[in-house]
Amino acid sequence: MQKPDMSVELAGIKMRNPVMTASGTFGYGAEFGDYMNLESIGAMITKGLSLKPKAGNPTPRIVETPGGMLNAIGLQNVGVDAFISQKLPYLSRVATPVIVNLYGNTLEEYGEVASRLDSLDGVAGIEVNISCPNVKQGGIVFGTDPLAAQEVVRLVKRSTSKPVIVKLSPNVTDVVLMAKACADAGADALSLINTLTGMAIDLDRRRPILANVTGGLSGPAIKPVALRMVWQVARNVRLPIIGIGGIMNARDALEFILAGATAVQVGTASFLDPSAAQTIAREMEQYLVDNRIPSIASMIGALEV
Amino acid sequence: MREEDLEAVLEIESASFSRPWTRRHFLDEMASEFGCPTVAVIPDGTVAGYLCLQQVLDEAEILDVAVNPALRGRGIGRMLVLSALAAARDRGAVTVSLEVRLGNDEAIALYQRLGFSEIGRRRQYYSNGEDAILMQYRTEDSQNRSLLSIFPKRQRSAMQFKSMVVSNVELSPGYFRMRMTAPNDLLSAAPGQFLMLKVSDAIDPLLRRPFGFFDVGTFSAEYAGGGTQCYCEILYKVVGKGTRMLSALHHGDLLDLLAPLGKAFDLGPPGEEKILVGGGVGLAPLYYLAKELVARGDKVRLFAGGRNRDDILCITEFERLGVESYVSTDDGTLGESGLVTQVLERHLASAGMRIFACGPTPMLKAVALMAHGHQVPCQVSMEAYMACGVGACLGCVMKGANHSDDTPDYRCVCKDGPVFDSFELQWS
Numbered sequence: 001m002q003k004p005d006m007s008v009e010l011a012g013i014k015m016r017n018p019v020m021t022a023s024g025t026f027g028y029g030a031e032f033g034d035y036m037n038l039e040s041i042g043a044m045i046t047k048g049l050s051l052k053p054k055a056g057n058p059t060p061r062i063v064e065t066p067g068g069m070l071n072a073i074g075l076q077n078v079g080v081d082a083f084i085s086q087k088l089p090y091l092s093r094v095a096t097p098v099i100v101n102l103y104g105n106t107l108e109e110y111g112e113v114a115s116r117l118d119s120l121d122g123v124a125g126i127e128v129n130i131s132c133p134n135v136k137q138g139g140i141v142f143g144t145d146p147l148a149a150q151e152v153v154r155l156v157k158r159s160t161s162k163p164v165i166v167k168l169s170p171n172v173t174d175v176v177l178m179a180k181a182c183a184d185a186g187a188d189a190l191s192l193i194n195t196l197t198g199m200a201i202d203l204d205r206r207r208p209i210l211a212n213v214t215g216g217l218s219g220p221a222i223k224p225v226a227l228r229m230v231w232q233v234a235r236n237v238r239l240p241i242i243g244i245g246g247i248m249n250a251r252d253a254l255e256f257i258l259a260g261a262t263a264v265q266v267g268t269a270s271f272l273d274p275s276a277a278q279t280i281a282r283e284m285e286q287y288l289v290d291n292r293i294p295s296i297a298s299m300i301g302a303l304e305v
Numbered sequence: 306m307r308e309e310d311l312e313a314v315l316e317i318e319s320a321s322f323s324r325p326w327t328r329r330h331f332l333d334e335m336a337s338e339f340g341c342p343t344v345a346v347i348p349d350g351t352v353a354g355y356l357c358l359q360q361v362l363d364e365a366e367i368l369d370v371a372v373n374p375a376l377r378g379r380g381i382g383r384m385l386v387l388s389a390l391a392a393a394r395d396r397g398a399v400t401v402s403l404e405v406r407l408g409n410d411e412a413i414a415l416y417q418r419l420g421f422s423e424i425g426r427r428r429q430y431y432s433n434g435e436d437a438i439l440m441q442y443r444t445e446d447s448q449n450r451s452l453l454s455i456f457p458k459r460q461r462s463a464m465q466f467k468s469m470v471v472s473n474v475e476l477s478p479g480y481f482r483m484r485m486t487a488p489n490d491l492l493s494a495a496p497g498q499f500l501m502l503k504v505s506d507a508i509d510p511l512l513r514r515p516f517g518f519f520d521v522g523t524f525s526a527e528y529a530g531g532g533t534q535c536y537c538e539i540l541y542k543v544v545g546k547g548t549r550m551l552s553a554l555h556h557g558d559l560l561d562l563l564a565p566l567g568k569a570f571d572l573g574p575p576g577e578e579k580i581l582v583g584g585g586v587g588l589a590p591l592y593y594l595a596k597e598l599v600a601r602g603d604k605v606r607l608f609a610g611g612r613n614r615d616d617i618l619c620i621t622e623f624e625r626l627g628v629e630s631y632v633s634t635d636d637g638t639l640g641e642s643g644l645v646t647q648v649l650e651r652h653l654a655s656a657g658m659r660i661f662a663c664g665p666t667p668m669l670k671a672v673a674l675m676a677h678g679h680q681v682p683c684q685v686s687m688e689a690y691m692a693c694g695v696g697a698c699l700g701c702v703m704k705g706a707n708h709s710d711d712t713p714d715y716r717c718v719c720k721d722g723p724v725f726d727s728f729e730l731q732w733s
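Chains as they are written, first to last, in our numbering: chain X, 1 to 305; chain D, 306 to 733.
One chain only, chain D, in its complex shape:
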C-alpha cells in the first residue's frame, strides 16, 4: 500500500464498513514494523481491494480486508486473503487470526474454505450489538499448505557454507551419489531447487557446479550426537574435470556450497496422480520430489529411461517409498527396450494427472509436447551451463514461449527455473 492508493482505499473502506478506518489508521499500518498492508490492483490501475496484515513473532492477524464494491464476486477477496496467508507463512507465522461479524455468512464461508476455523466468540463486539467470530488459520496444517501451493514458498535467500563430505559412492559406472553435511536451515530447500558447489579452492576449475538436490534430511540422533544435523545429497555423472575431482573426494573433505537456489516444483493439489519422468542424473530432483509427494499421500509413478542399465539409478530407493516404477533402456539391458517417452505415452490419461520431468533436453521436449497433447499439466526441470546461479551472468538462459528477436523473452534457468511449467518455454 502506498500513499497514492489511500484515496481509493478510503473510498472502499467507507463503502464497506459502518465504522471505517481513517487515513491515520492506514498510515500507521504502513509505517508499522509489524504491519503489511497490501493493495490489489486490476490491470487498468483501479484499486480492487486491500488487506492489512499484522504479524508479531509467529502470530499474524488480518486486521482489515475489503473489496471494491464494483468488483466483488470475482474472487479478489479470496486472492487477497490467500496471498496474506502465504506472506504470513513465509515470515514464519504459525497462526493467522481474524474477527468477522456473525452475520457475514459469505465471508465466514470463504474463510472456512480457506482453512480458517472458529476458535471463539466476542459477544456484542460490534457497535450494533452483533457478535464477532474469532477465526484462526494454522499455517502448518497439511491441507492448508497445499491450498497455498499457488504461492510457492519464498525461500530464504541462499546461504554460502562449508560442507563436509560424508560419503561419495559410485552407484554405477561413472555415476556417483554424494552426501554432505549442511546447516539445519537447508531443510527449507524444496524439491527442484539446487545447490552450487565449488570443487576446490584453486582457480581451476574456476566456477561452481550446479546440482539438484537428490535428498535433504537429518541424520539419525545417534549419528548427530543427540542433536539435529542436516545433510544433503546429490547425484552426479563424471563428465569433465570438475566432476572427476568431485568423484575423488572422501569422507571429511570440505566443499564450499551456495544453496538453496532456484524455483522449486509446484506440487499441485493433493490427490492427483503424480507422474515422474527422468533418466540418469535427471532422477536426482525427482527422488526428493517423490519423497515429499508420498508424504502428502499422493500416488506417484516413475518412468525412468536411459541408454543402458547404467543410466538407471536408485530405482530401489524410489520403490522403497512406494513409487511404482517403469524402466526402459535404449538397448533393452534393463526394463523395456525403447524410449521412456514411448512407455509414458501408453500410460498417459488426461485428467487428474500431473507430470514432473527432468533429464536431457530432447527428452523434456518430447515429454512437454506429449503433455500438451494430452492436456496434462507438466513441469520440467532444466539443466544449463551457468556461472553464477543467482541470475547475473545470463549464461543459462532459455527462450520463453513468446520469445522473438524483437521482443526478447529469455528465462534464466538458475533464477526463473530450473523448474518451469512446460508452457513457459519455447520448444521449437
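Looking at chain X on its own, in the form it has when it is part of the complex:
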C-alpha cells in the first residue's frame, strides 16, 4: 500500500502532518533539537511571548496531580525583541512552520506584539493566547468575555497579515459562544483547550502547594473535557480546529481528529518524553497504514454519532 497522506493545511499553513507542539511545553524549539527531529512534525508553537520579558510566578510553579499536572509558570518569557534576535534564527533553519504564541497584558500589547512579528519570514502564523489563567490582569478577562475576545482578535487581525489562531480557554460556561465570537471577529483557526484552572492543597501544612494558589491543569486527566469541547465547537463553527488536551499517544491524537480537529497539539507528553511529538506523528501514520486509511484528511470529523 502507498504511504498515507498525512499532510493537512490549516489557515493556509501547510503541514507535513497534523502534529504540533503546544505552547509552553516546547520552549523555543531548540530545547528539543537534541532529542527529536524537528522536521518530523507538522508545526512548532513557541512559548507564549509578551512585549517585554516577563519574570513569571514565584515557585513552586508546578505540582503533579492524579493523571495530570498543575502549572502556574506565569508566562515567563524572553519578550518579543529577544525572541526575534535570539530564538527565531535557530527556528528559521528548521524546515517546519513556526507559529508564535503571544499574549498581551493590555489590548494594545496584543496588537503591538503581533505587528512586530508581521514582517518576519520565519513566522508562519500567530496563536493568540486569550486564555492563560495565571496572569491576574491579563488573559483570563479576554478569554471569558466574548466581546473582549472579539476586540483582541480584531486588533491582532489588523496588526498582521499572518494566519491568526485563537487559543480558547475551557474555563467558560459555553465554549461554543466564545468560539463563535472569535470566528465572527475574523479568527482563521481555533485551538482548544488551554488548561483547566485547578488547585492542590498540602493538607498537613494547610497551604496551597502552588505559590500562585491556583494553576492550570493539563495531562491525560483533561482529555475527556477537551474532546467534548472540540466536538461541540467543530459542530457549530466553520473554522479549522486544533485539538489540545492530554494527548499522550497516537490513539489520543486520532480521537481528536475524529471529533473534528484538523490538527492536534502535544503538550504535557513532551515533558515525559522529549520526542513524544515525533513518536505520535509516526504512530498516527502507522495507524492509517494498519487500517488502510488513505489520508488523515478523511478522518477529520469522521466521528459516527
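Hints are supplied without guarantee of correctness; some may be wrong.
[Unchecked claim] Straight-line alpha carbon distances no greater than 25 Å define the calculated SDA-like cross-link-like pairs of lysine to any residue that follow:
| id | chain 1 | residue 1 | chain 2 | residue 2 |
| --- | --- | --- | --- | --- |
| 1 | D | Lys670 | X | Ala211 |
| 2 | D | Lys670 | X | Arg207 |
| 3 | D | Lys546 | X | Pro66 |
| 4 | D | Lys704 | X | Ala30 |
| 5 | D | Lys503 | X | Ser275 |
| 6 | D | Lys542 | X | Ile201 |
| 7 | D | Lys503 | D | Glu688 |
| 8 | D | Lys670 | X | Arg205 |
| 9 | D | Lys546 | X | Thr197 |
| 10 | D | Lys503 | X | Lys52 |
| 11 | D | Lys704 | X | Asp202 |
| 12 | D | Lys467 | X | Gly67 |
| 13 | D | Lys704 | X | Gln286 |
| 14 | D | Lys546 | X | Asp202 |
| 15 | D | Lys546 | X | Ile209 |
| 16 | D | Lys503 | X | Arg282 |
| 17 | D | Lys720 | X | Glu283 |
| 18 | D | Lys704 | X | Ala211 |
| 19 | X | Lys52 | D | His708 |
| 20 | D | Lys720 | X | Ser159 |
| 21 | D | Lys546 | X | Thr65 |
| 22 | D | Lys720 | X | Ala211 |
| 23 | D | Lys542 | X | Arg206 |
| 24 | D | Lys467 | X | Ala250 |
| 25 | D | Lys503 | X | Ala200 |
| 26 | D | Lys704 | X | Arg207 |
| 27 | D | Lys720 | X | Tyr35 |
| 28 | D | Lys542 | X | Leu203 |
| 29 | D | Lys503 | X | Glu31 |
| 30 | X | Lys52 | D | Asp710 |
| 31 | D | Lys467 | X | Gln286 |
| 32 | D | Lys503 | X | Gly33 |
| 33 | D | Lys720 | X | Gly33 |
| 34 | D | Lys542 | X | Thr65 |
| 35 | D | Lys542 | X | Ala200 |
If you're looking for bench data, these hints aren't it; they were derived computationally from the structure.
Please build the complex by placing chain D on the supplied structure of chain X, with the hints as guidance.
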C-alpha cells in the same frame, strides 16, 4: 567564523604571516565538514583573533591561529587554543597537533604550558628555511584534562533508555539505594549530573522523577559475561507515591530513564583540598564526585549532617575511598551534636580549598554564605520540582544573583544546573 568576519580575519592574517592564507582558504575551512574555524570577538565587536581546527576521526590539527596585533598579550591566543582543545576533546579527538616555527619561542612556550610536547621536526619547512616543530597534545592526559576543566565537557545529549533494576536496598529507615543497568555511553555522565526516571508506564504518577547519580560504573567482567556492562546508582528517600512505588521494585523490573542531564560539578584545579558538604540524599552526587576527585589524587573531606543517624548514609563507602569524614546530627545520635555548618565553619581555611555542597536549600544557603565570607569557591547542587528535565517546563527555576522583577534572571535547575556556582544564585 562567518563571512562577515573575513575582512577582519584576512587583515590579521596578513599582519601575522609572511605567507598569509587567502580568502579561499578560509572559505574552504568554513565549508569543510572536517573544519571548525572559530573567531574570538571582544565585546565591542572587534575580531580579536581566530583559529582553524580540523578534525578527522580522532586526530585533530590546528591549521592556523592568529591574534589581532592590537590585542596581543591579553591571553586571547591562549583562550583560542584552549577552547579548540576542548572542542576537539568533545568531538572525540585523542590527539591535537600543530606546527610552529622553531624561532617562535613565545608560541612554543605557550603550547608547552597548555600540554603540547614536541614529537618531531620538519627541516627547512618554511620558505625562509626555518624548521617547523611538530607538537602534539593528548586529550586523555590527566594533566591536560584538568587544564580544560574551565570548559566543562559537553556531554552527549541525554539518552532515553530502558533500564533493569539490579538491586534496591533499604539503607536506613526510608532511604534506599538502587542500582540499574545502563548503556555503556552513560559512562560519560559526570558527577553532578542527574537522571529522570519514570516509575511506571501508568499515567499516575505522570511525571518522571529526577535523581542525581550516586555512582556510575561497570560491572565486573564475570557479572557482565565477559563484556562491558554499565550501571548507575541512585539514593532516594521515600517521600510520596512515586518513591514509594520505586521502593517496591525488585531485581529484573524495568524502568524508563532519561540521562545524563544537567550541568556537572567543575572539579577545579588538582591539588586543592576539596570539601564536600551534604546530608541525606544530598550525599548521592557527592559520592560520585568524591570517587572522581580521589582518582585525580585530590585530598577530600566530607561533612555529613542530618536530623538523626538515619540521615547519615554510606559514610563507610566514602571512607573506603580515603575520604576523611565529619559527621554531625541535630540530635547527637551520630557524630557531633549540631548543624553540619557549625562543624564546617571550624575547619574552613580560606586558601586552597573548594566546596561542593548538596542538600536542603537552607543548608546550601548557609554553606554558600559561609564560603563567600571565607572567600572559598563553592558550588551547590540544587533540588527542585521539575516536569521535563530539559529546560522547557520552567517549573524548576531559581532566581539568579541579578534577578529582579524588571530584569528577570531565572535559572533552570535542570539545564543551567543542578550545579551552580554559589555566586550565580540569589540567596536572600
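Query raised in the report: Broken hints, numbered, in rising order?
Result: 10, 13, 17, 20
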